[in-house]
Amino acid sequence: MSDALAIRDLHVQFHTRRGVYKALNGVDLGLRRGEVLGIAGESGCGKTTMGLAVMSLLPRNASIPRGQVIFDNKDLVNLPREYAERVGDRFKPKEHERILRRVGKALARIRGRRISMVFQEPMTSLNPVLSIGFQVAETVYVHDPALLARRVLARSKTTPQIMREVLTLLGATQGGEAALRKFAADHDLVGLEEQVLFVWRREDVHISRKEKAIRSLAGQSMKPWERKIIETVAKSGSIPPQFARVPVLSKLVRRILLKEGSRKARELLTSLGIHHAERVVKMFPHELSGGMRQRVVIAIALANNPEIVIMDEPTSAVDVTVQAQILELVKQIRTSVSASFIVISHDLAVLAEVSDRIAIMYAGRIVEVAPTAEILHHPLHPYTQMLISAIPTLEGKSVEGIKGEVPDMRAPPGGCAFHPRCPFAFEKCNSVVPIDFRQGDDQLVACWLYEGK
Amino acid sequence: MMIAAYGLSKFFPVRGAFRATTSLKAVDDVGLKIQNEQVVGLVGESGSGKSTVGRCLIRLLNPTDGEVLFDVPDSELAEYEKARAAGATERVDAIADRFSLLRRSTSELRAVRRLVNIVFQDPYSSLNPRMKLSTIIGEPMISTRFCTRAEADIRARELLGEVGLPEFFEDRYPHELSGGQRQRVAIARAISTNPKLLILDEPTSALDVSVQAQILNLLRGLREKYGMSMLLITHNIAVVAYLAEYVYVMYAGKIMEWGAKGKVLRDPQHPYTKALMSSVPVIGETRTRSILRGDPPNLISPPLACRFHPRCPVAFEVCGWSPEEVAEDLEFLVGGKYYGTFGDGVRLTVEGDRTIIIQGTTEVQKIQELVDLEKEDVRSLKSIQAIDVADGATSVRLHEAIEPEMYPSPDGREVKCLLFRLDASAPAAMAPRSAG
Ligand SMILES: Nc1ncnc2c1ncn2[C@@H]1O[C@H](COP(=O)(O)OP(=O)(O)OP(=O)(O)O)[C@@H](O)[C@H]1O
Ligand SMILES: Nc1ncnc2c1ncn2[C@@H]1O[C@H](COP(=O)(O)OP(=O)(O)O)[C@@H](O)[C@H]1O
Ligand code: SF4
Ligand code: SF4
Ligand SMILES: [Mg+2]
Ligand SMILES: [Mg+2]
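As you go down the protein sequences, you meet chains P and D in turn.
Position 45 of the first sequence, counting from 1, maps to 45 under this note's numbering, and the rest follow consecutively.
Position 115 of the second sequence, counting from 1, maps to 1115 under this note's numbering, and the rest follow consecutively.
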């Protein structure tokens, strides 16, 4: 099976007044389907930059001189360029702009919906003046209004009789998801099943209360013309232009769907272990503790059932007891969500907890990637080895620093960027960039020591 | 004894609701001692009050309450403690007058400033950007009249070597240095006056592990060479494991446990220390963890009695449950999991500081059943002492809370947990060490 995401020879530069920072210098990395891939490395080595490049969210002073990010057979980096080339000599400014806009939209559809990211500083990705519920709702509304439309419609079409059948079905299949999904599809009620299952799966609620809650899902009231608009949204995935031009109508659609989004927000937060979600959705970011905030940010990243989730330092802003909660949450999410994950952290021990494989980054390149146990117990790259022996343990074993400094990324060392600090460096290292050497079953190491081994 | 603090508290005034001023109890009744030549670690999560303790100890902040004795002979200290326990105010005052840092005048403090110094977490903001490194390092020597300007310059150069930087760095400015180099400069400055006590407030938290390792080894070397005492403040337990001999564990403004490093870190006794230690991710170890619920509390209205009780997995009857906490948990159960038993229409209200009134049901038996079934998971329910019916409503009465103190444990450590309270009047459930 092909990788969920493939990064090939990716270069990123930041242009500043103080010079050009070469943040990524040829990253090669594949994210396998369903795996959690950890990225470790010291501050400034390019971890966040890589995440932003995948998201097509690099700041304006960044450029991508070379490289590809392949997702779903599309090269996200070169999408705009390819379109431009296709226009070729038929170039007409007006048409060009239209195409670029279309490319922009195509990227936007992928970013946030199919690939989403939890940013390093949770506070910066939340809007301080909007309630939590609104922010989650808005995310879903912007990226997937059809989902919200289907949910409302399904409730409006459901009768008490249908709900009785649903309850019987749940009882008979013991909450069987597949059966319920089929039932919803057969009855043209897609969007109902996730709402029903959410209630059914709650563990802190008595069965009679759940049944009552499920019954009360039926019979959402809706005016016929409202229904008509919402139906078009459910089908087309966007508000049809003839409505979008009428402010009253587009506002109405927005209101209905955001309200539904806020229902969805409560479900999401509850499923991420937040108690009293009804209360939390009404709060503002500053009212939340660090751990809650992190959960909310994760909820937003998961809101649209993305295929790839990038988490940048998900636990660096929280304390160790809360970190333990978040790591547990990440482990739970990966079993309940069918996505592939990239988890970025400067703390190898954190990655060791959640990752299937770990990639080590140094000066804008991946220097080693291997299954977690392999990299921790048999690190091959000199940098990985030294990094691990610098980590203090609870037993107080002696630690060894790495001599020298991280390189100035305006003029990174030629050859292997680690050579000025590497005790094993030899002539070749100073001039030739090492290629990846495969070792063992599944270990890749970019170091000349392994040439021909 | 290098330094000994008793009942140290620091309350910060903050603006509460309706413009009333309330206080944030950042440090509350903390005791801490550092022997000569000893390295003591102070660990805790962010906001637990570690930095505030460090600053109060050397009077960078004036504590709200408490006493700090500095460089006091052990015999006098023993006498002070005896007098303090006996409430012999005169004797206490007589000793404190001679050794208390809090009673020193500004000019007397200058002499003390030579003997104690501090290194801060952030190497980017703790150094004056407009000063050359030689000036930065020499500054404490001059302000405490440790030596003359010219001598300070010579010594600054020596100190650069001492912390592993080349001498030609003396003419550089902080912005030309990396984080690790800046922290070396901060350390050079802090040891410039040959202090007897060095306070290190998160000395490596802003650094990468490869640089952290260098700084840890530098500190270890300096300690061996000069034999100074150190207070190592950090949230990183492995850092404490590397350098300290004794450890204090702080939570929400209070010391929860202290003792020899090996004991506290390897065999923690306090429920918080246990959870803390099991939360630390360790490479190559997959452990069963005890994961705490919730987050650390706010310190403006901290939890009653034991500040850890809302998160404590073994909290029991007298740990400090308020009727609000109990009512919230009861309400959640009655309206959720036990909805089938109680249905709609049950309302809970808090009355006074130990009673909850339940309207809409008088089924004492069923409430008691719920409590008995759930109290191992929902610990607040343990605090329910009696459930009675009066005037068509049910009243739930709570146990009276007990404020935990530092209880000595046989192996020399002290633990602030009621499970360690050897008191005949305690309920049978509270035998020491049943914390599991
Ligand atoms: N907007 C920007 N303008 C200029 N340089 C930048 C910008 N963003 C990042 N850089 C530089 O690019 C390099 C990589 O930065 P990046 O943020 O990806 O590192 P990181 O590995 O995420 O580090 P950390 O662990 O500190 O988060 C660094 O040298 C950084 O200074
Ligand atoms: N100058 C101050 N004014 C008001 N509150 C403060 C001040 N300094 C610290 N605090 C508060 O005191 C508590 C303890 O802070 P601190 O000692 O810095 O904790 P730590 O060092 O353990 O992270 C925190 O809640 C913090 O916000
Ligand atoms: S390629 Fe050479 S310099 Fe780079 S890590 Fe390997 S041995 Fe060291
Ligand atoms: S006193 Fe001990 S048992 Fe009670 S809450 Fe505090 S730590 Fe837990
Ligand atoms: Mg980053
Ligand atoms: Mg601090």
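These are calculated hints, taken from the structure and not from any lab test.
Don't take every hint at face value.
As a list, the in silico SDA-like pairs of lysine to any residue whose alpha-carbon atoms are at most 25 Å apart [stated by the list, open to error]:
1) P:Lys-259 - P:Val-205
2) P:Lys-212 - D:Gly-1340
3) P:Lys-331 - D:Ser-1290
4) P:Lys-251 - P:Gly-273
5) P:Lys-212 - D:Phe-1332
6) P:Lys-403 - D:Lys-1375
7) D:Lys-1225 - D:Asp-1153
8) P:Lys-235 - P:Lys-212
9) P:Lys-212 - D:Gln-1038
10) D:Lys-1132 - P:Lys-251
11) D:Lys-1132 - D:Arg-1104
12) D:Lys-1274 - D:Gly-1294
13) D:Lys-1375 - P:Ala-146
14) P:Lys-105 - P:Ala-146
15) P:Lys-397 - D:Ser-1278
16) D:Lys-1082 - D:Arg-1103
17) P:Lys-403 - D:Lys-1337
18) P:Lys-105 - P:Arg-255
19) D:Lys-1337 - P:Leu-272
20) D:Lys-1132 - D:Glu-1170
21) D:Lys-1196 - D:Phe-1168
22) P:Lys-210 - D:Glu-1374
23) D:Lys-1337 - P:Ser-236
24) P:Lys-397 - D:Leu-1218
25) D:Lys-1033 - D:Leu-1077
26) D:Lys-1274 - D:Arg-1421
27) P:Lys-212 - D:Glu-1331
28) P:Lys-228 - P:Lys-212
Note that the structure is a prediction, hence the values are computed from the model and not measured.
(request) Decide if the proposed pair is consistent with the structure: P:Lys-397 and D:Leu-1218, CA atoms, cutoff 25 Å inclusive. (result) Holds. P:Lys-397 to D:Leu-1218 sits at ~15 Å (cutoff 25 Å).
(message) D:Lys-1274 and D:Arg-1421 were given as a pair; does the straight-line alpha-carbon distance stay at or below 25 Å?
(response) holds, 18 Å
(message) Holds or violated: D:Lys-1337 and P:Ser-236, Cα atoms, limit 25 Å.
(response) violated, 41 Å
(request) Below or equal to 25 Å on CA atoms is what counts here, so check P:Lys-331 against D:Ser-1290. (result) Status holds; Cα separation ~15 Å.
(message) Between the alpha carbons of P:Lys-105 and P:Arg-255, is the straight-line distance 25 Å or under?
(response) holds, 23 Å
(request) Take the C-alpha atoms of P:Lys-212 and D:Glu-1331, compute the straight-line distance between them, and say whether it is at most 25 Å. (result) holds, 18 Å
(message) Can you confirm whether the C-alpha distance between D:Lys-1132 and D:Glu-1170 stays at or below 25 Å?
(response) holds, 7 Å
(request) Decide if the proposed pair is consistent with the structure: P:Lys-105 and P:Ala-146, CA atoms, cutoff 25 Å inclusive. (result) holds, 17 Å
(request) Would you check the hint for D:Lys-1196 and D:Phe-1168, treating anything up to 25 Å between C-alpha atoms as holding? (result) violated, 28 Å
(request) Mind checking the alpha carbons of P:Lys-403 and D:Lys-1337 for me, to see if they're no more than 25 Å apart? (result) violated, 59 Å
(message) Check the hint pairing P:Lys-397 with D:Ser-1278 against an upper bound of 25 Å on the C-alpha distance.
(response) holds, 19 Å
(request) Verify the proposed pairing of D:Lys-1274 with D:Gly-1294, using a straight-line Cα cut of 25 Å. (result) Given pair D:Lys-1274, D:Gly-1294 holds - Cα atoms ~16 Å apart, limit 25 Å.
The structure is inconsistent with the numbered hints 4, 6, 8, 9, 10, 11, 13, 17, 21, 23 and 28, although it conforms to all the rest.
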